[in-house]
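Grab the two chains, each in its own frame, and use the hints to assemble them into the complex.
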Amino acid sequence: MLDGGRLPPSTPQNAVGGHAVGTSMPLFSALATYDRAGYVSFHMPGHKHGSGAPPGAVAALGRSVFSLDKTAVIGGYLDALHAPAGVLREAQDMLAFCFGAARSYFLFNGTAAGAQVLLLALCRPGDRVVVSADLDAQTALALILAGVEPTFCPPARLDGLPAPVSASALLECLRDLPRCRLALLRGPSAAGQCADLAAWAAATRRSGTLLAVDERFGAHFRFHPALPEDALSAGADAALHGHCCLPFPRQTGALHFGPAVVDGPGAIRQLDRAYQLCTVTSVSYVMLAAMDASRAMLADRGRAMWEEAVGRADRLCRALRRAGWRVVGGPGEPGWDPCRALAWCGRGSAAARARLRRAGLLVEQLGDWLSLAVTPGTPDAACDLAAALLAGGAGESPAGPPAERAEQASLDRECVLRREQALSPRRALYGRLRRLPLADCAGEVCGELVSWPAGAPGVLDDEVLLLPGQVVGGHHIRLLAKSPRWRRDGLAVVEAPAGGERAPAGAEGAAGRVGR
Amino acid sequence: MTAALASRRTQYSLDQVGHGGGPGVSGPALAVIGERYFRADLRGHDVRRRLRRLDRLLTEAYATGGSVCLVHGSSSGNHLLFLAHCRPGDRVIIPRNVHKSVLAAAILSGVRPVFLEPQVEPRLGLIFSPPLASFAAALEAAPAARAVVVTSPTYDGICADIRPLADLARRRGAPLLVDEAHGPHLHFHPDLPPDALAQGAGASVQSSHKVLAALGQTAAVHLARGSALGRAVEELRDWLTTPDVSPVLLLSLEAALRQMMRSGEELWSRALGRAHRLRRAIRGIGGLAPWEDEVPWGQDQARWAVDPCKITVRVDELGVSGAEAALYLDRVWRVSVELYGARSFLVMLSAANTDEHIDRLLRGLAALVRWSGRARRGCGTARPVPGPLPLPRLGPLQLTPREAFFAPKRLVPLRAAVGCLSGEIVAPYPPGIPILIPGGLVTAEAVAYIQESAPAPGEALEALLVVDDARVRDDARVPDDARVPLEGSADA
Chain S
1 MLDGGRLPPS TPQNAVGGHA VGTSMPLFSA LATYDRAGYV SFHMPGHKHG
51 SGAPPGAVAA LGRSVFSLDK TAVIGGYLDA LHAPAGVLRE AQDMLAFCFG
101 AARSYFLFNG TAAGAQVLLL ALCRPGDRVV VSADLDAQTA LALILAGVEP
151 TFCPPARLDG LPAPVSASAL LECLRDLPRC RLALLRGPSA AGQCADLAAW
201 AAATRRSGTL LAVDERFGAH FRFHPALPED ALSAGADAAL HGHCCLPFPR
251 QTGALHFGPA VVDGPGAIRQ LDRAYQLCTV TSVSYVMLAA MDASRAMLAD
301 RGRAMWEEAV GRADRLCRAL RRAGWRVVGG PGEPGWDPCR ALAWCGRGSA
351 AARARLRRAG LLVEQLGDWL SLAVTPGTPD AACDLAAALL AGGAGESPAG
401 PPAERAEQAS LDRECVLRRE QALSPRRALY GRLRRLPLAD CAGEVCGELV
451 SWPAGAPGVL DDEVLLLPGQ VVGGHHIRLL AKSPRWRRDG LAVVEAPAGG
501 ERAPAGAEGA AGRVGR
Chain U
1001 MTAALASRRT QYSLDQVGHG GGPGVSGPAL AVIGERYFRA DLRGHDVRRR
1051 LRRLDRLLTE AYATGGSVCL VHGSSSGNHL LFLAHCRPGD RVIIPRNVHK
1101 SVLAAAILSG VRPVFLEPQV EPRLGLIFSP PLASFAAALE AAPAARAVVV
1151 TSPTYDGICA DIRPLADLAR RRGAPLLVDE AHGPHLHFHP DLPPDALAQG
1201 AGASVQSSHK VLAALGQTAA VHLARGSALG RAVEELRDWL TTPDVSPVLL
1251 LSLEAALRQM MRSGEELWSR ALGRAHRLRR AIRGIGGLAP WEDEVPWGQD
1301 QARWAVDPCK ITVRVDELGV SGAEAALYLD RVWRVSVELY GARSFLVMLS
1351 AANTDEHIDR LLRGLAALVR WSGRARRGCG TARPVPGPLP LPRLGPLQLT
1401 PREAFFAPKR LVPLRAAVGC LSGEIVAPYP PGIPILIPGG LVTAEAVAYI
1451 QESAPAPGEA LEALLVVDDA RVRDDARVPD DARVPLEGSA DA
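Heads up: the sequence lines are chains S and U, in that order. Residues 1 to 516, numbered by our numbering, are exactly what the first sequence covers, in order. Residues 1001 to 1492, numbered by our numbering, are exactly what the second sequence covers, in order.
Just chain U, same shape as in the assembly (with noise of 0.2 Å):
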C-alpha cells in the first residue's frame, strides 16, 4: 500500500466518473483538494474483492473470529449487527448512553427495547453505563432478550467492565454487542484498557477514523471467535453499502491498518507518554483537574477503566463554564478540544498529536487560567458555573420505535407534546443523551430540560413530531400473535 497505487500514467475515464480523474472537477475543488485524491477516485472497480481483502487485513489486525470493513460510519455497523442478529419484536436490552444510530438501528429491526438508566456523576455529568445489577435484573424481567448492547469507551473513554457483563449475557444466551466506537486502538498496546473481545464479547463495532489514521466514515465490525453471524454480516455489509464504494476510504484505512499492525505499540506508547506529560502540567495548573482526580465515583467505581488519552478537564473552579473554556480555547488559541459538557471539557489524543500540539494547549490552558482570573474580577466575585442539569427519566415506551416511527404523526408545540407519543428521538447535545425516544410518552420533566439545555434562548426545539395516536394506540402496535416466537424460548 505505497504510491504505487496512484495512478502511474494517465487514465481517462469513459466509465461513468463524472470528474474523469480530475479533467471534471472544478477549479476551486481540485487547487484545495488535489488532482490525487480524484485520481485515486478512479479506481472503483472489483470493489467487492477489495471488501473482502480488507475485512481478512481487519481479522488479522484485530485477531477476530471475524471482521468487516465499513464505508458508512460505525452508525451502519450498529444497523448492520442489529439486522444480523435480531428479528422484530425480539426484547434487546439497551443502555440509555447508546449512540443515535442504535436507537435507528432498533427502529431498522423492529426490535422491542428494554432501556436502563446510566449512572450520572452529578458534579461533570460524565456518563457511566448502567450497573451490572441493572443489566442482571433486565435480563431477569426479560430472560428471551436477545441482546444486550453497552457503549464502551464512552465519548469520554470511561470503559465499562465487560467481562462481568458479557458472561452474565451469555448464561443467558444473549451475546454482548459493544459499541466501541471511540476504541478502535484499545487493541493496539497492553497499557491501554482491553478492548471488547478480549472481554468475551459478543461482536463490537469501532469507528476507525475517531482514532486511528483512517479517513472519516471508515469503520469496522468484528465478530468475536465462534460466532454463526460470519456470513450474514457480511452479506448484509454488501447489501448496506453502495456499489460505488470509495476506493479512497478504502485506501486510508487499509494504511492506517497496516500503519498499526506494524508499528501500532510503539505509536500508542509515545501518544501514552504525552498524555501523560499533559495530565502532569494540568496537575500543575491551579483551579484545572483531570476528572479522575476529583471525582472516583460510581456503583462499579473500582472497575472503571479510562481510556488514558481521553482527558476530561474540570475548569468550574476558574469561575467559567465549559463551554467558555472550550470556545476560549478555540478563539484564541485556535485549539479545538472534543467536547464540553457543563463545567469541563475533553482532551482528545491520538498517536498524530505532537509535543508542538500538547505544548500549544498547556500554553493556552495558562492562558485561561489567567483570563478568568481576569473575567473574574470584571465581574466583582467568583460565580458559581451551574451544573449539569439533572437526566429527566425516559417516558415508557407504549409502542416500538419502529411503529412509532411509521405511524401517523403531527407535528405539535413543544409544550403541547406533553402526554403524547413522541414520535422522534430528542437528544440535545451535551450530552448527547436521547431524552424522548419514538414510542416514548413525553413527559413535562423531559419537556423542561429540552428547553433548559438549549444553547440560547429561542434556540430549543420548538415543534416536535407525536404520533396522532388517537388513531393508532390500537391500530399501529404489531399484534402479539404476529410476532415470530424465539426458538426454544418462552418470550417475556
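With the rest of the complex left out, here is chain S (with noise of 0.2 Å):
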C-alpha cells in the first residue's frame, strides 16, 4: 500500500532512448530533494543531518555538508550502492557514457581502490601481469591481494622527471612473457608526459593482453580536441583516473571499463562483485553527489572548460619564458599535456615551491622541477599571480647541472626502477621470514613492502622502493641506511616462500575470467 512511492522526480531531461546524455544529475538531484524534505533522522550517520556536527567542524565547512552526508535510508530515495537500481544505477550509467566506457564505478578511496578492483576483477592468483615499476604502495598492496605475480617495466627517465613506460619496453617485456593477463601501465606519467597509448593498445592486443591504463594524471583527455587521445579511446580496456585532473573532491575517482572485458551478465556480475569487495558500504553521500554533478557539467561543457584552461596554461607558459625559465610541456608541446607547466629550478625548487605557497599559490615540486598544472579551477588570477611571482625569479634556478646530491638521488632511482622480482609478492609476504641487520640484505629476496624513505629528492608520495619477493641490491641497502628505522631494524627476508594459489585449469572463457 505504500510501496512505489518516491519523492518528486529525478528523472534525466536529457534522456535520448532512456539513456540519459548527461546534464541531468540523478543522484546530486535525489540528495538535495531528500535534504529539502526536511527529514528527521533515527538514521545513520550519528550527527543526524547535522543537527549535533561540532560548531568548529561546521565553521570549517559548513552546515551543508553535515545536512547531505546521509547514507541509503528507508524509502530507497538514495539507492544503494551495492546494490544499485536507481539514482545511483543512472548516475553509474551516466558516468561511463560520459568516459566512454562500457561500464564505470564510483571511487571512494581513489585509485587505491581504483588498483584493488582492477586486479581483483580481472586476474586470478598467479596470473602474470606487468606494471609500471615506477608504482605507488596502494598499488603494490593491490598486487598482493590479488596474488598476480608482476614482472616490472621500467619507465623511461627525462630530467629527473618520472616518464610513461615506453612502447619498446613494454615490447621486450612482453615478448619474455607468454600468456601475461595484463599491463598495468601509468599514462601520462606524474609530470605529465603523455603515452604511445596506440603502441601500448597495439603490443598488448598482439600478446593477448588485457591493457589497464593509470589514467590519473590525463582523465581530462576526452573533454578536448586539443588534449592528447585519453585510453579508452585508443583501445585500452580499463582505465583509473582519481581526483586531481577533474572537478572532483579529494578522495573520489573513477574506474571505466572497455568492452572487451564487459562481455556478457557473467562477466558484469564479477566486476560488480570485485568493485563491492573494495568498496566501504556506506559511502560518503557528499563525494558521490559532488561526483555527480561535476560529471553532469563535464558532459554539458567540458569542451569550453578545457578550451580556457588550454589558453590559460599557454599564457603562463609564455611567461614563464619569456622570463627565462626552461620550461618543458605545455600547449605546443607533442607528447605533454598541454595543461602542464613544467619549470625547471634546480636544487631551489623546493625554496620556490615554499614562496608561491606563502603567496597562496599551491604547486607541486617533482624533483627539481616546479609542477604549474591549470585546471578549470584555477582562474586567470591564478596563473597571473604565478607569471607575477616567477617573473623575476629564474635567478633562483641555477641552469647549470644537477648538483652531485641530486645526481646521486636520481642514480638510485634508476636502479630501483629495475627491479627483479624473485617471487610474487603474496608468496614472498606470507613465506616463512627472518629479519636480517641492513648490511646482510644484499641478495637476500625481501619479504615486506617498503616505501621511499620520507623526503627522498625526485621520489613521489608512497612509492615503493621494495615489493616482497624483490631481490635486494646494494643500492636499497645505501638509501635505507639513511633512515635510523631501518637501521634500527633491519629488513625481513624470504626463508621459504609460501605455496603457490594454483591458477584453476580451464580459466579461459569462464564467467570469472571476464574478457578475452
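If you're looking for bench data, these hints aren't it; they were derived computationally from the structure. One or more hints might be untrue.
As the list claims (entries may be wrong) - If the Cβ cut is set under 10 Å, some of the chain U residues that face chain S in the computed set are:
id : residue
1  : Gly-1089
2  : His-1189
3  : Asp-1191
4  : Ala-1213
5  : Val-1245
6  : Arg-1393
7  : Tyr-1429
Here the structure is a predicted model, which is why all the values come from computation and not from measurement. By construction, the Cβ of each residue, glycine as well, lies at the ideal position given by its N, Cα and C atoms.
Right, here's the structure in full:
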C-alpha cells in the first residue's frame, strides 16, 4: 500500500532512448531533494543531518556538508551502492557514457580502491601481469591482494622527471612473458608526459594481454581535441582516474572498463562483485553528489572548460619562458599534457614551492622541477599571480648541471626502477621470514613492502622502494641505511616462500575470467 | 580545530586539484554543498603526518594500546585486521551474522573460515551472537584457530558478553577481533554497555560516523594494550588508503573526537535521558513495545546488554508489518528510522537527536496506531503479521571464499544453482545475514529463502554466479602442503 512511493522526480531531462546524454544529475538531485524534504533522522550517521555536528567543523566546512551527509535510507530515495537500482544506477551509467566506457564505477578511496578492483576483477592468483616500475604502495598492496605475479617494466626518465613506459620496453617485457594476463601502466606520467597509447594497445593486443591504464594524470584528455587521446579511445580495456584532473573532491575517482571486458552478464556480475569487495558499504553521499554534479558539468561544457584552461596554460608557459625559465610541457609541445608547465628550478625547487605557497599558490614539486597544472578550477588570477611571482625568479634556478646529491639520488632511482622480482609479492609476504641486519641483506629476497624513505628527492608520495619478493641490491641498502628505523630493525627477508595459489585450469571463457 | 582550519585568504590551486577550491565546481554543487567544503578540500598536503596525529588523538580518546583512523569505512578496518593478523589458510572462527566486509576480508586474506550459526529470536528475527558454548566447541575442533571474530553491538544494539569469550579465545592463543561498527560511543558514558577493549578483546573496528558526529566513511581500528600488531596495522592503513585523503573527512573526525573528549559524558547523558523518555512513551502507546519488554530470550539471556539508544519497536499487534510501519513514518511523518524487520522497526538515537525529533516520532507513532486501526477496519479483521523467515543453515564450505572468488564461474538461473558451489555472497536485506558464501554449497533451502525474502515478486536475485566446479573441484584448491604451518601449532 505504501510501496513505490518516490520523492519528486529525479528523471533525466535529456534522456535519449532511455539513456541520458548527460546534463542531468540523478544522484545529486535526489540527494538535494531528500535534504530539502526536512526529514527527522533516527538513522545513521550520528550527527543526524548536522544537528549535532561540532560547531568548529560546521564553521570550517559549512552546515550543508553535514546536512547532505546521508546514507542509503528507508524508502530507497538514495539507492544503495552495493545493489544500485535507481538513481545510483543511473548516475553510474551516465558516468560511463560521459567517459566512453562500457561500465564505470565511482571510487571513494581514490586510486587505491581503483587498483584493487582492477586487479581483483581482471586477474587471478598466479596470473602474470606487467606493471610500471614506479608504482605506489597502494598498487603494490593490490598486487599482493590479487596474488598475481608481476613483472616490472622500467619507465623512461627525462631530466629526473618520471616518464611513461616506452613502447619498446613494453614489447620487450611482453616478449619474455607468454600468456601475460594484464598490463597495468601509468600514462601520462606524474609529470604529464604522455604515453604512446596506440603502441601500448597494439603490443598488448598482439600478445592477448589486457591493457589497463592508470590515467590518474590524464582523466581530462577526453574533453577537448587539443588534449592528447585518452586511454579508452586508444583501445585500453580499463582506465583508472583519480580526482586530480577532474572537478572531483579529493579521495574520489572513477574506474572505467571498455567493452572487451564487459562481455555479458556473467562478466558484469564479476566486475560488480570485485567492486563491492573493495568498497565501503556506507559511502560519503557528499562525495558521490559532487562527482555526479561534476560529471554533468563535464558532459555539458567540458570542451569549453578545457578550451579556457589550455589557453591559460599557454599564456603561463609563454610568460615563464619570457622570464628565462626552462619550461617543459605546455601547449605546443607534442607528447605532453598541454595543461601543465614544468619549470626547472634545480636545487631551489623546494624553496620556490614554499615561496609560492606563502603567497597562496599551491604548486607541486617534482624533484628539481616545479609543476604548474592548470585546470578549469585555476582562474586567470592564479596564472597571473604565478607569472608575476616567478617573473624575477629565474635567477634562483641555476641553469647548470644538477648537484652531486641530486645526481646520486637520480642514479639510485634508476637502479630501483629496474626491479628484479624473484617471487610473487604474495608468496614472499606470506612466506617464512626472518629479519636480517641491513648490511647482510644484499642478494636476499625481500619479505616486506618498503616505501621510499620520506623526503627522498624526486620521489612521489608513497612510491615503493622494495616489494616483497624483490631481490635486495646494494643501492637499496644504501638508501635504507639513511633511515634510523631500518638501521635499527633491519629488513625481513624470505627464508621459504609460501605455497603458490595454483591458477585453476580451464580458465579461458569462464565468467570468472572476463574478457578475452 | 576551529574555523582557523578553513582558509583565511584566497588560495589558488596549481597542484592538480581539478575543482580548484571552488572555481572549477559546477554551479549547483557549489550552491548546494557550499564553497567551504571545496576550500577545505584544497588542504591536501602532508597527509601522512595528519593521519598520524589523528591516530594519536584516537589512542588518547579511547585509551587504547594503539589506534589508527580510517577514511574508507569500518569495512576497510575489517580488511585491515585480517590482513595484519591472519595468513592464507589460517582458520578463523566467524559467526555468520557478520557484516559483508568480514567476508570480503576473508577473501582478501585467504583464510579458512569456520562459520558459527547465530541465535535467532523466532518472533522478531532479532539476531544474537552464537552462544559461548559454540565458540568453545569450535575452538576445540580447530585448536590452531588464528582468531575469533564477533559482531557487537549488532545493528539492533545487542551487545554480546565479550569478557568470557575474550578469555576463552585468549587461552587458545587466538585474539578476539570485534566488529564494533555500531559502538564508537560506548567508551564515553558509564551507563552505556562497556566497549570491547574494556572487556579484554584483542582489537576492535569502529564506524565513527555511524554514531558520533563525524562525516560518512570515517572509522577507526583500536588495539588492546600490549598488542604486537601496532606497526603492521599502521603500515597497512597507509597502503590501503589512497594518497589523496580527503582533508574534510579528517577534519570532521578530529572535531567529533574532541567533542567526545570534551563533553562526551554530558552529551550521552542527555541522549540516554531522551532514550529513556522515548521508551517510556512507547510503552504508553497501546500496541507498541520495545522488544526487550516482550522477548527476554536466548541461551545467554541474562548476559545480553542492549545499547539503550537503539530501540526495536514491535508493531505486529497493530496488524502492520515492520516495513509498513517504517514506510508510513517515512512518507507521512518524514521520520527516517534505521531499519525494519518482519514485525518491528529500529529507532537509532544519537547525541544529536533533539527533543523535537523525539516529539515528531511520538506523534508519528500515535498516528500510526490510529492509521493501522482504520486500515484494519477496512480489511474487516486484524490480519496476523507473518514472522521472519527462518534462516536456512549455511551450506558446507567446499572451497575457501578466496578460492571460490577466483575460480572460473558461470552465471546460472538461481533455481538451477542448487548443488553448485556459490561464487558470490548473497545476503538479502532485511536482515542482511549471509545466506550464500563463496565456496559454500547452494542448498534448495537457501534458494527458497532468497526467493521468498524478495521485497516484491520478480525482485529476487534471478541468476547466481556459481563455481564451474566440474573443472575446479580438484584444481582450484590450494594444496595443503602449500599452506604455511602456524608456528608452534599443529594445524587441524
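Here's how the hints hold up against the structure:
Given the 10 Å rule on beta carbons, the hint for Gly-1089(U) holds: about 9 Å separates it from the nearest Cβ of chain S. With its C-beta approaching chain S no nearer than about 14 Å, His-1189(U) sits outside the 10 Å limit, and its interface hint is violated. Look at Asp-1191(U): its Cβ only gets to about 18 Å from chain S, farther than 10 Å, so that hint breaks. The restraint placing Ala-1213(U) at the interface with chain S holds, with a minimum CB-CB distance near 4 Å, inside the 10 Å limit.
Checking Val-1245(U) against chain S by beta carbon gives a least distance of about 6 Å; that is within 10 Å, so the hint holds. The interface hint given for Arg-1393(U) is violated, since its Cβ lies 23 Å from the closest Cβ of chain S, which is over the 10 Å cut-off. For Tyr-1429(U), the shortest C-beta to C-beta distance to chain S is roughly 8 Å, which falls under 10 Å, so the interface hint holds.
Hint violations for this structure: numbers 2, 3, 6, all remaining hints satisfied.
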